[in-house]
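Student: For reference, the chains in residue letters:
There are 2 protein chains.
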Amino acid sequence: MEKFDFYIPTRVLFGPGKLDELAAAKLPGQKALIVTTAGKSVKKYGYLDRVVELLKKNHGTQSVVFDKVLPNPLLSHVREAAALCRAEGCDFVVGLGGGSPIDSAKAIALAAANEGDYWDYVEGGKKPAGALPVIAITTTAGTGTEADPWTVITHDETRHKVGFGCDELFPVLSVVDPELMLSVPPQLTAFQGFDAFFHASEGYLASVATPVSDALALQSMRLLSIYLPRAVADGSDLEARTNVALANTLSGMVESTSCCISEHSLEHAMSGLYPDLPHGAGLIMISLAYYRHFAPLAPARFIEMARNIGADLSCMREEDKPYVFVESLRELQHACGVDNLKMSDYGIRREDFPRLVQLARNAMGGLFGLDPAPLTDADIIRIFEESYK
Amino acid sequence: MEKFDFYIPTRVLFGPGKLDELAAAKLPGQKALIVTTAGKSVKKYGYLDRVVELLKKNHGTQSVVFDKVLPNPLLSHVREAAALCRAEGCDFVVGLGGGSPIDSAKAIALAAANEGDYWDYVEGGKKPAGALPVIAITTTAGTGTEADPWTVITHDETRHKVGFGCDELFPVLSVVDPELMLSVPPQLTAFQGFDAFFHASEGYLASVATPVSDALALQSMRLLSIYLPRAVADGSDLEARTNVALANTLSGMVESTSCCISEHSLEHAMSGLYPDLPHGAGLIMISLAYYRHFAPLAPARFIEMARNIGADLSCMREEDKPYVFVESLRELQHACGVDNLKMSDYGIRREDFPRLVQLARNAMGGLFGLDPAPLTDADIIRIFEESYK
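Respectively, the protein sequence lines represent chains A and B.
According to the numbering used here, the first sequence is numbered sequentially starting from 1441.
According to the numbering used here, the second sequence is numbered sequentially starting from 1441.
Be aware that a few hints might be false.
Since the list gives no way to pick one copy over another, a pair counts as held whenever it fits inside one copy or between any two copies.
What the hints assert, rightly or not - Okay, derived cross-link-like pairs now, DSSO-like style, lysine-lysine, Cα gap no bigger than 30 Å in a straight line:
id: 1; residue 1: K1483; residue 2: K1466
id: 2; residue 1: K1497; residue 2: K1567
id: 3; residue 1: K1508; residue 2: K1497
id: 4; residue 1: K1496; residue 2: K1480
id: 5; residue 1: K1443; residue 2: K1480
id: 6; residue 1: K1443; residue 2: K1483
id: 7; residue 1: K1471; residue 2: K1567
These are computed hints drawn from the structure, not numbers from a lab.
These numbers come from a predicted model, not from an experiment.
Given only the sequences and the hints, what does the whole structure look like? Please build it.
Tutor: This is the structure:
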């Protein structure tokens, strides 16, 4: 067994109604910058007002709102919000919403606490001297960012969409209240749920997986295989939402104890080039071909994943067993109504494939090194070809 | 699903050779009080000298040694070491050894940072204002204390053996290096391994279990069922030692996310009254009768535990399935050479049973409230009776 470090210092308040505890929780500062999306739902459903009020109840904690974050968060907004944070004298950052505002909150917390430009730390190799404390309040179940130190920001000009992280970017507090997720529409629920699923499955296949990440990953996949179809079919099913939310938080812990592999590199290339493509949708599109490729190369892991999500592998030839996971995945995608996504619907053309290979190798090339077996450019092209509709 | 909080802020450095990283790790202070046992092994095998040297290499960090801790650590030693810590101006505490010195290190860290007597916080209801930071370096795999906020100290006069904990008592850093465990003798390896096993099984059966603690508990039991017999049979088997060490750390995380149940109350009463009885041995003695009692009261959980440790439950009557776990446990104890422990060998008499019931209810009575079903005094007496040899 390899050596590893375990470190997830985040305090997670989990469960229906937990948001109310924000009024009594120990806060890491006196004045919050609340970072949220440009979308309408956090206002429409009253989440933003509730957070402002709960902070106020908590020893009169003041807050300032930055509400411009886009689904693929931009560097320009990180810069703007960090300047606002400094100008207003905020001493902690609250990310409210899905992965985008929480990732942005982390980036802003780092940018506000350090000299120079945020991107100097991401691609320039500069070492940050800490960050403002971050609180994450999730309204979707898809990225696990509430339980990991990672943030993905896109450079406005180069379109590089790069993951970055350091210990200081673990949220000090994360509130995962599935009641805030009841309003997420079915398709988005499915996209985000599969993002969580692939964080777990990739983390389980990664060469840096450990028995700790394995336990978390298997539990995450198991919960999603049972509850994601229910949460998609009936968004008001609080039990399903709760279990999907938990699976997502667990997959964030997998991100903190293992790592994604190249499936995420391929998808980041796709949605980097076509920003309208939701990250989860891109992952789903390539997933069957991707896992079919790796099934015979890591058979024991694939068999365990299949068993874990309820497949019956008795009376089956040994060489067929690893592929059962791919079939289970296909069934799960069918059950969630996302088995027929088309790359072409989002503008992707077959001619883009070589460029996508390049982008994947450039922006998140390191993840290829964690794959269960080497993936050649020809393999990637074949995965894209097999996935193309 | 109930609501829950997840919080395990400890950084765990895990794996063979990891102790060396202490020379470069970020330390929480400038001068350490190293707390270790009165036993010989940490000196004989050079662990204490190595820790002193590694700290010195790390920016010249100074240390003072307190080496009087007994297997059942005493309040008087906590008081004495806390006074030494203050007098020497130590600003963090290193626990080196098994559960006893690490638990002591936590108690000393609290006592040194607060006014008044340590016991005022344990049984007097006083609230501590923080604690000195603690580093845990384990040389056994048995209590999981390196990944939880708990410490068990015995009052010299009243013989009350009481568990206590608060967020500040999570170690900030834990080094779990199985190379330091190669010298643990076979029987002690088995006693400690079963302590870890029962932390996991009790945490899995507790009414406060969550899907997070479940994942950690099942993985812990699975690893122990495979590797504990190997580690007992051949102490130099590093792969087995490593997996047992990991299972133990996982069971500590179970302690941090779920809780022990009354099995631990019963045993604390036993070893409280007969201090020569090793904690793990006491647990083993009562375990078969204890789990047989609860098997029909939580059948689904017992079936999952049995499956998880490799039992084949096919072609079996539904009402028999929950008892398979008890049989698996019996086999595991046989494989580890601890299936024939006798209470009478440690001085326990049948006449003690009513007093043991009383002690269990008094000192750790709260755990009974977490059992899968109410346990009456008559039930406890019957468990003791069935266990008596």
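Student: For the identical chains here, do K1508 and K1497 meet the 30 Å Cα criterion within one copy, between copies, both, or neither?
Tutor: Within one copy only: 26 Å inside a chain, 49 Å across chains, cut-off 30 Å.
Student: First find the shortest C-alpha distance between K1496 and K1480 inside one copy, then the shortest across copies, and answer within, between, both or neither for a cut-off of 30 Å.
Tutor: Within. Shortest intra-copy distance 23 Å satisfies the 30 Å Cα cut-off; inter-copy 57 Å does not.
Student: Which holds for K1443 with K1480 at a C-alpha limit of 30 Å: within a copy, between copies, both or neither?
Tutor: Between copies only: 28 Å across chains, 46 Å inside a chain, cut-off 30 Å.
Student: For K1443 and K1483, with the copy left unspecified, which applies at a CA distance of at most 30 Å: within, between, both, or neither?
Tutor: between (46 Å within a copy, 25 Å between copies)
Student: How would you classify K1471 and K1567 at a CA-CA limit of 30 Å: within, between, both, or neither?
Tutor: both (26 Å within a copy, 28 Å between copies)
Student: Please work out whether the CA atoms of K1497 and K1567 approach to 30 Å or closer within one copy, between two copies, in both situations, or in neither?
Tutor: Classified as between; 24 Å across copies, 37 Å inside a copy.
Student: Within a copy, between copies, both or neither: which one fits K1483 and K1466 at a CA-CA cutoff of 30 Å?
Tutor: within (25 Å within a copy, 42 Å between copies)
When each numbered hint is compared with the structure, no violation occurs for any of them.
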